[in-house]
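Protein chains in written order, with the numbering used here: chain A, 1 to 191; chain B, 192 to 597; chain C, 598 to 761.
The hints are simulated quantities; they were obtained by calculation from the structure and are not laboratory data.
Any given hint could be a false lead.
Below are the PhoX-like pairs computed for lysine-lysine, each with C-alpha atoms no more than 25 Å apart in a straight line [to be verified]:
id, chain 1, residue 1, chain 2, residue 2
1, C, Lys639, C, Lys607
2, C, Lys683, C, Lys607
3, B, Lys435, B, Lys473
4, B, Lys453, C, Lys701
5, C, Lys683, B, Lys288
6, B, Lys288, B, Lys340
7, B, Lys453, B, Lys380
8, B, Lys369, B, Lys380
9, B, Lys574, C, Lys701
10, B, Lys435, B, Lys288
11, C, Lys639, B, Lys435
12, C, Lys740, C, Lys701
The following residues of chain A were derived to be distant from chain B, with all beta-carbon distances above 12 Å [what the hints assert, rightly or not]:
id, residue
13, Asp16
14, Ala18
15, Asp50
Just a sample of chain A residues kept apart from chain C, beta carbon distances all over 10 Å, derived [said to hold, decoys possible]:
id, residue
16, Asp8
17, Arg64
18, Thr111
19, Ala113
20, Arg120
21, Lys150
Where a beta carbon is used, it is the ideal one built from N, C-alpha and C, also for glycine.
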Amino acid sequence: MAMKDVPDNIFMTTLDAAASWARSNSLWPMPFATACCGIELMATASSRFDLARFGAEVMRFSPRQCDLMIVAGRVAMKMLPVLQRIWQQMPEPKWCISMGACACTGGVFDTYAVVQGVDRFIPVDLYVPGCPPRPEQLMAGIIALQDKIKHGGTLNGTEFARRDHSTGPVPFDKDELIRIREANEQLVSLN
Amino acid sequence: MPFEVSDLAEMDAPEKEYLWTLNFGPQHPATHTTLRLVLTLDGETVINAVPHIGYLHSGFEKLGEHLDFNQYVTIVDRMNYISPLANEIAWHHAVEKLLGIEITPRCKYLRTILAELMRLHDHLLNVGTTGLDLGAFTAFLYAFYQREKIYDIVESASGQRFHTSYTRVGGVMFDVNKAWVEKIREFLKGFMPVHAEVHRLLTRNRIFIDRIKGVGYLSAEDAINMGVTGPLARASGVLRDLRKDEPYLAYADLDFKVIASKDGDCYARYLVRMQEMLESVKIIQQCLDNIPEGPVNIDAATHIVPPAKPSVYRSIEGLIQHFEVMMPNRGYDTPREEIYAATESPNGELGYYIVGDGTPRAYRARTRPPSYIHFAIFPHIIKGHQLSDVVAVLGSLNIIAAELDR
Amino acid sequence: MSTEEVLKSKFPEDGLTFSEFRDNRRVVVPAAKLIPILSLLKSDLGFDMLAELTAVDYLEYEGATDRFGVIYVLLNNQTGERLVLKTFINDPSPTLPSVYSLWKSADWLEREVFDMFGITFTGHPDLRRILTPDEFTAHPLRKDYPLKGRGERHNFPIVVRSDG
Numbered sequence: 001m002a003m004k005d006v007p008d009n010i011f012m013t014t015l016d017a018a019a020s021w022a023r024s025n026s027l028w029p030m031p032f033a034t035a036c037c038g039i040e041l042m043a044t045a046s047s048r049f050d051l052a053r054f055g056a057e058v059m060r061f062s063p064r065q066c067d068l069m070i071v072a073g074r075v076a077m078k079m080l081p082v083l084q085r086i087w088q089q090m091p092e093p094k095w096c097i098s099m100g101a102c103a104c105t106g107g108v109f110d111t112y113a114v115v116q117g118v119d120r121f122i123p124v125d126l127y128v129p130g131c132p133p134r135p136e137q138l139m140a141g142i143i144a145l146q147d148k149i150k151h152g153g154t155l156n157g158t159e160f161a162r163r164d165h166s167t168g169p170v171p172f173d174k175d176e177l178i179r180i181r182e183a184n185e186q187l188v189s190l191n
Numbered sequence: 192m193p194f195e196v197s198d199l200a201e202m203d204a205p206e207k208e209y210l211w212t213l214n215f216g217p218q219h220p221a222t223h224t225t226l227r228l229v230l231t232l233d234g235e236t237v238i239n240a241v242p243h244i245g246y247l248h249s250g251f252e253k254l255g256e257h258l259d260f261n262q263y264v265t266i267v268d269r270m271n272y273i274s275p276l277a278n279e280i281a282w283h284h285a286v287e288k289l290l291g292i293e294i295t296p297r298c299k300y301l302r303t304i305l306a307e308l309m310r311l312h313d314h315l316l317n318v319g320t321t322g323l324d325l326g327a328f329t330a331f332l333y334a335f336y337q338r339e340k341i342y343d344i345v346e347s348a349s350g351q352r353f354h355t356s357y358t359r360v361g362g363v364m365f366d367v368n369k370a371w372v373e374k375i376r377e378f379l380k381g382f383m384p385v386h387a388e389v390h391r392l393l394t395r396n397r398i399f400i401d402r403i404k405g406v407g408y409l410s411a412e413d414a415i416n417m418g419v420t421g422p423l424a425r426a427s428g429v430l431r432d433l434r435k436d437e438p439y440l441a442y443a444d445l446d447f448k449v450i451a452s453k454d455g456d457c458y459a460r461y462l463v464r465m466q467e468m469l470e471s472v473k474i475i476q477q478c479l480d481n482i483p484e485g486p487v488n489i490d491a492a493t494h495i496v497p498p499a500k501p502s503v504y505r506s507i508e509g510l511i512q513h514f515e516v517m518m519p520n521r522g523y524d525t526p527r528e529e530i531y532a533a534t535e536s537p538n539g540e541l542g543y544y545i546v547g548d549g550t551p552r553a554y555r556a557r558t559r560p561p562s563y564i565h566f567a568i569f570p571h572i573i574k575g576h577q578l579s580d581v582v583a584v585l586g587s588l589n590i591i592a593a594e595l596d597r
Numbered sequence: 598m599s600t601e602e603v604l605k606s607k608f609p610e611d612g613l614t615f616s617e618f619r620d621n622r623r624v625v626v627p628a629a630k631l632i633p634i635l636s637l638l639k640s641d642l643g644f645d646m647l648a649e650l651t652a653v654d655y656l657e658y659e660g661a662t663d664r665f666g667v668i669y670v671l672l673n674n675q676t677g678e679r680l681v682l683k684t685f686i687n688d689p690s691p692t693l694p695s696v697y698s699l700w701k702s703a704d705w706l707e708r709e710v711f712d713m714f715g716i717t718f719t720g721h722p723d724l725r726r727i728l729t730p731d732e733f734t735a736h737p738l739r740k741d742y743p744l745k746g747r748g749e750r751h752n753f754p755i756v757v758r759s760d761g
């Protein structure tokens with residue numbers, strides 16, 4: 001069939017690109033909202049900012065129905081097993097946005113109870129900085145993730161194959177523990 | 192398989208084997224954040240509820256022992272994150288009491304305006320999400336749009352829309368100008384019709400009333416015995432409002448009513464919150480009319496607040512004063528004393544117990560969080576209700592997980 | 598008769614020390630007399646609300662002789678009167694009687710003090726950890742516990758993509 005026979009409303013593309021395009025524009029977020037960022041996440045979905053414009057407004061609280069986890073807020077050590085469980089319950093393909101300073105690095109809460117970045121324990125695709133990030137920032141993050149999905153492709157699940165280990169700092173380091181203890185002892189003696 | 196007679200006999204088995212346990216949370220849409228309940232159910236009736244908390248425990252009080260009085264304000268912000276400024280005001284109220292500082296009249300009025308804006312902020316979200324959880328989505332969107340406007344107001348005062356970190360020991364970060372005052376007036380004009388609209392949407396809505404009227408009853412005696420304060424206690428008929436009983440900031444000069452109800456159920460709590468918003472509007476209007484001129488911070492010679500920037504840049508005294516405040520080993524003389532000071536936050540009595548040890552940071556910075564006390568009453572008021580009422584009661588208690596777990 | 602005078606006349610030999618700072622009226626009581634004094638305050642003097650119960654670890658406080666101070670902030674809802682009551686206890690095994698029978702608000706407040714400081718309250722119906730996980734062993738608000746913990750926050754399995 002010659003090209004001139006094709007009607008105007010037919011597009012030629014690869015199946016891979018079409019599937020990626022469809023995926024990127026119908027993200028179903030799973031709001032793992034624990035703290036302040038959760039309120040900004042609500043603001044993003046509400047009247048002024050209206051996340052629906054980017055096809056990502058269908059917040060579902062059941063992980064089985066979602067493909068984008070938004071970790072909004074700090075994750076305490078009591079909460080982390082819950083987070084991992086929910087992440088594992090989500091079906092493939094799935095992505096994760098770490099929203100806010102606390103989810104990315106622990107933020108101002110460098111304390112005994114807060115996990116210093118969720119990327120140490122679950123895979124994270126995109127970081128949105130801020131404490132909390134403004135809704136515009138989160139939307140920019142979602143648009144960037146859509147871009148990533150579009151360019152990622154779907155064949156053989158290659159977007160997942162590339163990362164099979166945590167890319168954050170080494171989670172448990174004995175030397176760090178000793179350093180923390182020493183630093184704390186020094187602090188005590190200084191005071 | 193058809194039903195056998197023996198199955199029926201088993202259903203009547205002794206030892207209450209028919210009771211079943213339901214885990215609710217910590218990740219559940221109706222808990223808003225990270226609450227977890229283990230419910231014991233008889234059919235759909237809740238026999239018992241055991242709250243499990245600590246899913247957001249972040250060590251606030253430990254951090255308070257390592258940060259100085261001004262630095263810690265960034266942390267208390269994140270405590271009750273739906274009304275951040277109310278926490279800041281409560282924290283610095285306690286610190287100023289410990290240090291014996293009397294803030295300027297302008298600062299008092301400014302903080303009063305902000306505290307009442309935060310009360311609107313908090314009650315709007317609570318009313319909106321109560322409706323949202325019970326299936327009324329529109330009121331939530333209306334309320335959230337008004338919240339966005341309050342965000343704009345605090346942003347133009349402090350530069351941040353959410354966690355403002357606006358107050359300082361002895362004052363605030365920057366003064367506000369006339370345009371800001373006009374901005375609040377504009378907001379209040381637009382707020383009143385929306386408040387009336389939410390009233391029309393919810394207050395006489397048959398479904399809404401059926402879901403929350405008579406649910407979650409708390410008597411006045413129980414409220415006092417269990418330490419309940421704020422709108423919850425007032426909805427149960429406890430006439431206590433720290434703004435009236437222990438006036439702080441500018442509340443002694445202002446004319447407002449304490450809203451209370453005798454009913455003690457979720458509907459009464461909703462009505463008290465709705466009515467309190469109108470009182471807050473009244474307070475803000477009075478403050479806007481009477482906001483005094485003059486400095487917003489106390490005198491820089493006290494070495495508590497940094498001096499104004501021009502004097503830092505152009506005079507040696509100003510520079511020295513600036514360093515006196517900023518250097519970590521200088522700072523102010525904290526008395527070796529302990530103090531408990533509380534304010535009426537939107538949720539109830541928000542108190543701080545501070546132990547001073549002579550250094551510019553607290554030896555112990557304890558928060559008395561209203562949410563913590565309020566969540567403890569949950570098993571008491573839910574017993575005997577239906578499973579679907581759990582959502583209604585949780586919504587009316589207004590539990591904020593970060594304040595609950597700290 | 599004021600609260601202080603009543604307490605002095607009822608417990609003359611227990612060495613109650615009264616003080617005042619800003620608007621806080623404070624009294625230090627011996628731990629052995631805690632329950633009789635609190636019962637009297639509740640039943641006869643109308644302190645019907647326990648607004649706050651907390652503890653302070655005085656390990657690093659200059660000049661302190663006792664390890665822990667436990668603070669009760671009482672409130673009289675009729676008169677609006679407040680009283681800050683304080684008692685001291687020491688290592689090993691700091692123990693106090695529970696005031697749950699007087700005020701139900703003590704339930705979670707005592708559990709929190711137990712969790713954060715390791716102070717045991719005898720007679721409490723359900724004294725478990727409340728904020729930290731059950732398997733946690735330390736008491737984080739004690740002064741000898743470091744701010745950044747002892748590595749508990751790093752001690753979790755890692756979930757990777759291929760686990761999904």
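Legend entry - Straight-line alpha-carbon gap Lys683 (chain C) to Lys288 (chain B), limit 25 Å: With Cα atoms ~19 Å apart, Lys683 (chain C) and Lys288 (chain B) stay inside 25 Å; holds.
Legend entry - Pair hint Lys683 (chain C) and Lys607 (chain C), alpha-carbon separation not exceeding 25 Å: 18 Å, holds
Inset, instruction - Say whether it holds or is violated: Ala113 (chain A) keeps its Cβ farther than 10 Å from all Cβ of chain C. - result: 7 Å, violated
Legend entry - Interface exclusion of Lys150 (chain A) relative to chain C, criterion Cβ beyond 10 Å: 19 Å, holds
Legend entry - 25 Å limit on alpha-carbon distance, applied to hinted pair Lys740 (chain C) and Lys701 (chain C): 29 Å, violated
Legend entry - Given hint Lys288 (chain B) paired with Lys435 (chain B) - CA-CA distance at most 25 Å: 18 Å, holds
Legend entry - Agreement of Lys435 (chain B) and Lys473 (chain B) with the hint, judged by alpha carbon distance not exceeding 25 Å: 15 Å, holds
Legend entry - Given pair status - Lys607 (chain C), Lys639 (chain C), alpha carbons within 25 Å: 14 Å, holds
Inset, instruction - Could you grab the alpha-carbon distance between Lys639 (chain C) and Lys435 (chain B) and see if it respects the 25 Å cut-off? - result: Holds - the C-alpha atoms of Lys435 (chain B) and Lys639 (chain C) are around 24 Å apart, at most 25 Å.
Legend entry - Distance rule for Ala18 (chain A), whose beta carbon must clear each one in chain B by more than 12 Å: 33 Å, holds
Legend entry - 25 Å Cα cutoff - pair Lys369 (chain B), Lys380 (chain B): 17 Å, holds
Inset, instruction - Below or equal to 25 Å on CA atoms is what counts here, so check Lys453 (chain B) against Lys701 (chain C). - result: 21 Å, holds
This entry does not satisfy hints 6, 7, 12, 15, 18, 19, 20, going by the numbered hints stated previously.
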